[in-house]
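Could you build all of it, start to finish, from the sequences and the hints given here?
Residue numbers 15 to 433, in the working numbering, belong to the letters of the sequence shown in order.
Simulated from the structure, these hints should not be mistaken for laboratory data. Treat the numbers as computed from the prediction; the structure is a model and nothing was measured. Ideal Cβ positions, reconstructed from N, Cα and C, are used throughout, including at glycine. Hints are all accurate, no fakes.
Pair ranges (Cβ atoms, derived):
hint : residue 1 : residue 2 : range
1    : 256       : 80        : 50 to 58 Å
2    : 432       : 250       : 23 to 31 Å
3    : 372       : 322       : 21 to 29 Å
4    : 331       : 244       : 26 to 34 Å
5    : 239       : 296       : 28 to 36 Å
6    : 270       : 239       : 16 to 24 Å
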Amino acid sequence: MTASNTLGALPAALGIGVGDALDILVFSVRDGFVQVSAFVAVTVLVFSYVQYRTGGRIVTYLENNERMQPLAGALLGLTPGCGGAIIAMPLYIRGTVSFGTVVAALAATAGDSAFVILALAPEAALYAYGLAFVAAVLFGYAIDLWGLGIGRVDDAVRRISRPVTDGGFRTRSVAAGGPSVPDFEGEAHAEHGDAGSADTRMATLTHGVHVLWWVVAVAGLAAGVAYLVRGAPDVPLTVGPTFAGVFTVAGLTGTLASFYLHFVGRHYIGEGAAGRIRDDFTSAYGTFQHAAMETSMVTVWVIAAYLIYEYSIAVFGIEIAAIAASVGVLAPVGGALLGLIPGCAPQIVFAEIYAEGGLPFSALAANAISQDGDALFPLLAIDAKAAIVATIYTTIPALVVGVALHYLWPYAQFGFGVI
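This is the structure in structure tokens:
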């Protein structure tokens, strides 16, 4: 059998055809950027620009006011999309905020599924994300004050792996109060592209890709907003001066540019490593560059999550949302467990099924608290152990609230708040 025949037989052996496998790849690459990255870019840019205008006083304020940190983390997470919570992850790595703040930010994270619920079931969104915010604040403060058994979970995760960070450090102990990575900011990579060096051409090319990235990000944001306003319809793969054409071109071009910036470009412009938070920026261009680099890193993880999710559905026929819709208390339990999956792809599908009347509100609320969205990816990239512990801990209040709603709240039914 030739190599081409072998590659062609592999998808068939897994239960899907070559055409279906390619469709999943292309649509995931396109949709991930428009549905997720464009929105993340805006929130990261806004925070970076505020830092630029205020000279870094926001980060300094959080560092000097520990009692405000879990509340601030929950407020960041409550921002529709994942950009707000993404900002909290590097702050933890550098030791600015507590681990309870990380958990609060992740628990309150509305993710990109929030845009679907806000558009199709606004009343349900108000209740679900309000409950997520309250649970996030209370649980975040409880972790900082009493620990809530983090040490035992930390020890259990240590047996699984002891990840090496990009700075070369090994994770010590999340329970020690963080950060798990000592002196992370002091390990910045050397920048390339100085005038007269052999890398000048690559630096020039990378700046050009960076500008292109923002052009398609703006186009992708416009297409993403229109996509939500239209009720999240199926968008055909096409090229042209139409909504579907802009959606397709912006998605594919944006993802390609993101992969270049993350794997190649970051060695020539920027700090050279992802997952960092800046106290200040020397120019407005620097704020745009930082936001593009951070979002590019998220895009890489988002596409990976989309592909894993979509191929799992195609190959194994697993309908996670259908499992969560099981009769009885298994619905909120399923919604909470679904939130353990990082990324927004399964959560967006979950939100769409709720808007179609296929899930009870208790499941939506549990998923809103448990899901970490794309905010977990920067932490996974830098300190996988802390990320695993954090996602376990966001599931606990999700289960409590979801089950309580199922038994106690009369509106924890199918179709609550759907327009």
